[in-house]
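Please model the entire structure based on the sequences and the hints provided.
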Amino acid sequence: MSLFILIFILLVGGLLAWFSERFDADLPKRITFISLLMCWLPLIPLFHTMQFDTESLEKSQWLINESYDWISIFNIKAHLALDGLSFLLIVLTLLMALVALSSAWHEIKKRTGFFYLNLLWTIAGVLGVFLAIDLFLFFVFWEVMLVPMYFLISIWGHENRHYAAIKFFIFTQAGGLLMLLSLCGLVGVHYQQTGLLTFDYTVLMQHPITGDFAFWIALGFTIAFLVKLPALPFHSWLPDAHTQAPTAASVILAAVLLKTGGYGIIRFVLPLFPEASVLLAPFMMLIGVIGIIYGAMMAFIQTDLKRLVAYSSVSHMGFVLLGCFAFNIYALQGAVMQMLAHGISTSALFFLVGMIQHRYHTRDLNKLGGLWIKLPKLSAFGLFFGIASLGMPGLGNFVAEFLILVGSFNQYPILTVIAASGLILAAVYSLLLIYKTFFGKINSPQDSKISDTNTKEWFTLTAMCFILIYLGLHPQPIFDLVPIKLMNIAFISSSMGVSL
Amino acid sequence: MTDYSSLLSLIPMLPLLSAVILLFSNPSRLWVSILAVGSITSVALISLFLNYVYWQQTDFILKASLGSWIDIAQLSIGFGLYLDALSLVMITIISGVGALIHLYSTGFMYQDNSFKRYFTYLNLFVSAMLFLVLADNLLLLYLGWEGVGLCSYLLIGFWYQDSSNNFAANKAFLMTRIGDTAMAIGLFLLFTHLGTLDIQEIQAKAHTVWSLSDNTIASLCCLLLLGGAVGKSAQFPLQNWLPDAMAGPTPVSALIHAATMVTAGIYLIARNSQLFQLAPDVLYIVALIGTFTLLLGASAAMVQSDLKRILAYSTISQLGYMFLALGVGASASAVFHLMTHAFFKALLFLSAGALIYSLHHEHNIFKMGGLFKKLPVVAVSFAIGCSALASLPFTSGFFSKELILEQVIASNHIALWWVAVLGAFITAFYSARLFFVVFLGQTQLSPNNNPTKAMSMTLTILCIFALFGGIQPTGLTTLMPPLSSVNLTFLQHWLPIILPFIAISVAWWMFKTNRFGKTQHSTFKDIHQFLKSGWAFDSIYNVIFIIPFKYLCQLNKHDAIDLFYRLIEKISSVLHNIFSKFQNGQLRSYNASLVIFCILAFTWFISGELIR
Amino acid sequence: MIPISWILFLSLSLFSIGIFGVLARRNLLFILISLELMLNAVVILFIAGSRYHSVPVANSDGQIMYLLVLTLAASEIAVGLSLVIHMYRQHHHLDIDKLNKLRD
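Residue numbers (the working numbering), protein chains in the order written: chain A, 1 to 500; chain B, 501 to 1112; chain C, 1113 to 1216.
Simulated from the structure, these hints should not be mistaken for lab results.
Glycine residues also receive a C-beta, built at the ideal position from the N, C-alpha and C atoms.
Accuracy of the hints is not assured; some may be wrong.
In silico DSBU-like links for lysine-lysine, alpha-carbon gap of 35 Å or less [said to hold, decoys possible]:
hint : chain 1 : residue 1 : chain 2 : residue 2
1    : A       : K367      : B       : K1050
2    : B       : K616      : A       : K374
3    : B       : K1081     : A       : K374
4    : B       : K1070     : C       : K1210
5    : B       : K867      : B       : K1032
6    : A       : K110      : B       : K1070
7    : A       : K449      : B       : K1081
8    : B       : K1025     : B       : K1012
9    : B       : K953      : B       : K874
10   : A       : K449      : A       : K374
11   : B       : K1032     : B       : K874
12   : B       : K1050     : A       : K441
13   : A       : K377      : B       : K1032
14   : B       : K1050     : B       : K1032
15   : A       : K377      : A       : K109
16   : A       : K441      : B       : K1057
17   : A       : K110      : A       : K449
18   : B       : K1081     : B       : K1070
19   : A       : K367      : B       : K873
20   : B       : K867      : B       : K1057
21   : B       : K1081     : C       : K1210
22   : A       : K367      : A       : K456
23   : B       : K1050     : A       : K374
24   : B       : K616      : A       : K377
25   : B       : K1070     : A       : K367
26   : C       : K1213     : B       : K1070
27   : B       : K1081     : A       : K367
28   : A       : K77       : A       : K377
29   : C       : K1210     : B       : K953
Covered by chain B, according to a simulated footprint, are these stretches of chain A (three or more residues, beta-carbon under 8 Å) [what the hints assert, rightly or not]:
hint : region
30   : 69 to 76
31   : 415 to 424
32   : 468 to 476
With the Cβ distance kept under 10 Å, some of the chain B side facing chain C (calculated, not the full set) [stated by the list, open to error]:
hint : residue
33   : A915
34   : S1005
35   : S1080
36   : Q1083
37   : Q1086
38   : L1087
39   : R1088
40   : N1091
Below, the structure is given as structure tokens:
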């Protein structure tokens, strides 16, 4: 019951926050804070009982498994389950929700109740996505996480918010539609081939479907997740959505929503369609590499600070795509680590941009400059996360990128060499970001009211720094948690010793 | 035998600890100095102690481990430390010269507002460098490698309000990053084929998996590692970041860009010397790069007017000598020259710093002159440094450079030897030119203040090392290919000894006839400009890489892929406009269309009936 | 009896006059009158049809149909005329070309 409770707390908390606005304008954010803290309660026992090693996972992949009958005509169950991968992503989600709350605390002034309703319901949707094992339920939660995000961007966003919100919605909905069609196709073909009508992932995984149809269904799923990731031909919703969204929504978008794409590929595409994945792999890796380079080049030319960070996201998620389809244990562990590390470092950058925008009311790089003189602590954090973004060893992003590149080098050395040049380009745009914003002379008008980071911001950013350093220097618990062996993913072994 | 591994673990951790303490606290200048200088001095004392312990033994290994890092399938990497003769030499240099430079900096940077930030970065740098030379696996080495790159970036751009400093820092970071990426690809290749990243295991496995006849992949690995070394050690083709890196404070230039970080490349190749033995072609390329660079650096140093740029190009040139030595298989002599170079180059940079400090941040040597009597300590230090640089007999530089030249002959690369000797001539020439122009002749600028006690003390200590530090470190030859003994002809033996004196005399003549600082003839002006810009590499790279890249990015500024989606949007809005014309609110047109449709429908049905 | 074609002709001419009235007149009231005319034209046809062709035995289904149509027309006219009255009060004219607020 605990997984359902987790989601339930957020849904109810959201409704309470909405209604509490009429009593006191400050009440919604406090209710949100309390409900987010309460969400940790069902997870705390897990920290104790979970063994950070793989032997205890011999029996089953799932740490918690809950299933109830729902629509029995189609054999749809409400089946939620937690394993190491989902656990990591859920922890990331809840942490980033707290970060988003921290940034929205002083920033959102109008219609606060409705804002926190949307925020909590988006988080609830995301948690559902990470936990759902029944495919229909997965689709339901996929849709649930989109609609409140649309409202977040459209109502509290910046100058071009309506365009950005609609674009975001249509892109992800189109992907979702494709996923629905593929889902129905999958269940139908599975019924034809095995006589079992089931929407349940664990059952579907035991008899992966074969044949021509399987390829197209796999492609449908993959495209839906590629839109979310975002991979190159489908990435153009991201810069607008991230730039126009309010800071809290940007943090959630970057840290959490993008990871649902990667999670979907690892959880659904790779185990359910092994042959199709192998066929798709070269194209996906190529798209990943092009995404890395393209994202970096686009980031370099931007004049809007937030758009630059958004394009850097495209570049980093290219690494995840590369890692997922390399069919190699190193690359897959690297992809998971990249999802975590990128979540933290990019959301920290968005948090900082939000702080800068709140103080200077501009995101234009040509107008900013010399912030270190006035805001040394903020700039120091900016320097730290900029350096994390370019993949400095000792921080999480390096471990992730290194593992992905080592893994994919085994399959496609040339592609990996090109992807490695993405490291140089990452340095180019990160240094540009740092130099234009924090160094140099002060460009913007002097204003004595502008203050450096306050305690809440300092605390949030320091916590994120420590997590990133922890991921960089002691990533082993993360690697031990992901139950690679049990996830039924086929690994290709080639040349010497890099296989499973 | 007692186990000193805990002492070994302390070595890289002490500066890191002090950097972290400085980051989170805000002590007074006195306490910052005590903490920062104290941590490096303790490391220096530990390394001196270890030197004492291992003095007699030439074949020792000390290991320590600070924990495990990554452990997935075959990839098992930890924070392991490995001390042998090579790393012992390196940590002694790093901590010894580092401690002296820290002491010097307390005087040099005293007026600066960001005193604490400076020492935080500097301590972080020393810690990263120590991790680099003590790492037992290539990934930890890469961590130290990038760490020193980061600290170099932070320290070059230390005075961040001036954007030219930021450009120089960006340039340094990006060019070394290109080298680092090549090295990373080398790491992937090594792991894929040998299954391990542990340095000693690589050396052993390489010989079982590959052989001299089957060495394409080994050569590729070595070539890629060379790429990394070339970036960090400012060799051709990645050398032009170093002169611009002089924008940082002078002690930084002394520590990072003369004595330690730029030697990381040489350390990398020396450490992997057994691997490189499998690829003699790559070693030849190393030698060629070294020779080319030493000529490039020396000729460019000859015509510079900025004091620090002369020293920067001189560093590039001397690193070229070390690469040449590595390339001909005499790694021990390369490390020896590394050691003596650290002493005299640090001495030169620090004296230059004292000069700049006293003359209120004047860098142009043609605005200086006749300072011998006004700043005697600085002058003497400079004199000693320049003589070591020019390898005048019995200075430390003399022993190391002569050894390298000897080894070049021993390996039968006579053409390279001639180029190296030419380089030595030019080296002596520009050292003399530097000394004469700054310290002799007419006084133009008078010093405002004398160097502080900390600075003078450091200079004196380094003078002693520069003069008497020509003692070849023991134990190196057991690790690396042994140095061959050779019979030199009379010319080969005496030419390098006499050449510096000839060069000094030529420089003296040119100084006395006032030929420095002025160029009249137009072709000389072009050659002068070409040499001064470091053989125009900045412009070449700008044209080949930077301008096309910026152009490509600018072309795609509005995201060509997004145009496709905006096209779809445009089509749907055009269709909307067309179809909305049908809804015009005119009842009569609705009626008319209704009637017309009915007529057409009737005609259709009735004609169908009639046909039947 | 007269041939049915005469009644067809009458019905057709009344119907076309009605259509012409609906399409060509501008006043809303006249459009409604023409609409009525169209309805009545069709009803004549119904009655004629039942008179001439009712099977198996002659009955008066057409005339019953007429009563239904009449009822329908009456209720429709009641609603229509009340709308016309409101329109007139609002706009003070009943020109159908000017009453086009229901467009996009």
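The hints, checked one at a time:
{"no.": "1", "hint": "A:K367 / B:K1050", "verdict": "21 Å, holds"}
{"no.": "2", "hint": "B:K616 / A:K374", "verdict": "17 Å, holds"}
{"no.": "3", "hint": "B:K1081 / A:K374", "verdict": "58 Å, violated"}
{"no.": "4", "hint": "B:K1070 / C:K1210", "verdict": "32 Å, holds"}
{"no.": "5", "hint": "B:K867 / B:K1032", "verdict": "18 Å, holds"}
{"no.": "6", "hint": "A:K110 / B:K1070", "verdict": "34 Å, holds"}
{"no.": "7", "hint": "A:K449 / B:K1081", "verdict": "55 Å, violated"}
{"no.": "8", "hint": "B:K1025 / B:K1012", "verdict": "21 Å, holds"}
{"no.": "9", "hint": "B:K953 / B:K874", "verdict": "16 Å, holds"}
{"no.": "10", "hint": "A:K449 / A:K374", "verdict": "11 Å, holds"}
{"no.": "11", "hint": "B:K1032 / B:K874", "verdict": "30 Å, holds"}
{"no.": "12", "hint": "B:K1050 / A:K441", "verdict": "24 Å, holds"}
{"no.": "13", "hint": "A:K377 / B:K1032", "verdict": "41 Å, violated"}
{"no.": "14", "hint": "B:K1050 / B:K1032", "verdict": "27 Å, holds"}
{"no.": "15", "hint": "A:K377 / A:K109", "verdict": "26 Å, holds"}
{"no.": "16", "hint": "A:K441 / B:K1057", "verdict": "26 Å, holds"}
{"no.": "17", "hint": "A:K110 / A:K449", "verdict": "23 Å, holds"}
{"no.": "18", "hint": "B:K1081 / B:K1070", "verdict": "17 Å, holds"}
{"no.": "19", "hint": "A:K367 / B:K873", "verdict": "51 Å, violated"}
{"no.": "20", "hint": "B:K867 / B:K1057", "verdict": "47 Å, violated"}
{"no.": "21", "hint": "B:K1081 / C:K1210", "verdict": "17 Å, holds"}
{"no.": "22", "hint": "A:K367 / A:K456", "verdict": "27 Å, holds"}
{"no.": "23", "hint": "B:K1050 / A:K374", "verdict": "31 Å, holds"}
{"no.": "24", "hint": "B:K616 / A:K377", "verdict": "14 Å, holds"}
{"no.": "25", "hint": "B:K1070 / A:K367", "verdict": "33 Å, holds"}
{"no.": "26", "hint": "C:K1213 / B:K1070", "verdict": "27 Å, holds"}
{"no.": "27", "hint": "B:K1081 / A:K367", "verdict": "46 Å, violated"}
{"no.": "28", "hint": "A:K77 / A:K377", "verdict": "51 Å, violated"}
{"no.": "29", "hint": "C:K1210 / B:K953", "verdict": "99 Å, violated"}
{"no.": "30", "hint": "69 to 76", "verdict": "violated (count 0)"}
{"no.": "31", "hint": "415 to 424", "verdict": "holds (count 6)"}
{"no.": "32", "hint": "468 to 476", "verdict": "holds (count 4)"}
{"no.": "33", "hint": "A915", "verdict": "86 Å, violated"}
{"no.": "34", "hint": "S1005", "verdict": "96 Å, violated"}
{"no.": "35", "hint": "S1080", "verdict": "5 Å, holds"}
{"no.": "36", "hint": "Q1083", "verdict": "5 Å, holds"}
{"no.": "37", "hint": "Q1086", "verdict": "5 Å, holds"}
{"no.": "38", "hint": "L1087", "verdict": "5 Å, holds"}
{"no.": "39", "hint": "R1088", "verdict": "6 Å, holds"}
{"no.": "40", "hint": "N1091", "verdict": "6 Å, holds"}
Comparing the model with each earlier hint shows violations of hints 3, 7, 13, 19, 20, 27, 28, 29, 30, 33, 34; every other hint is respected.
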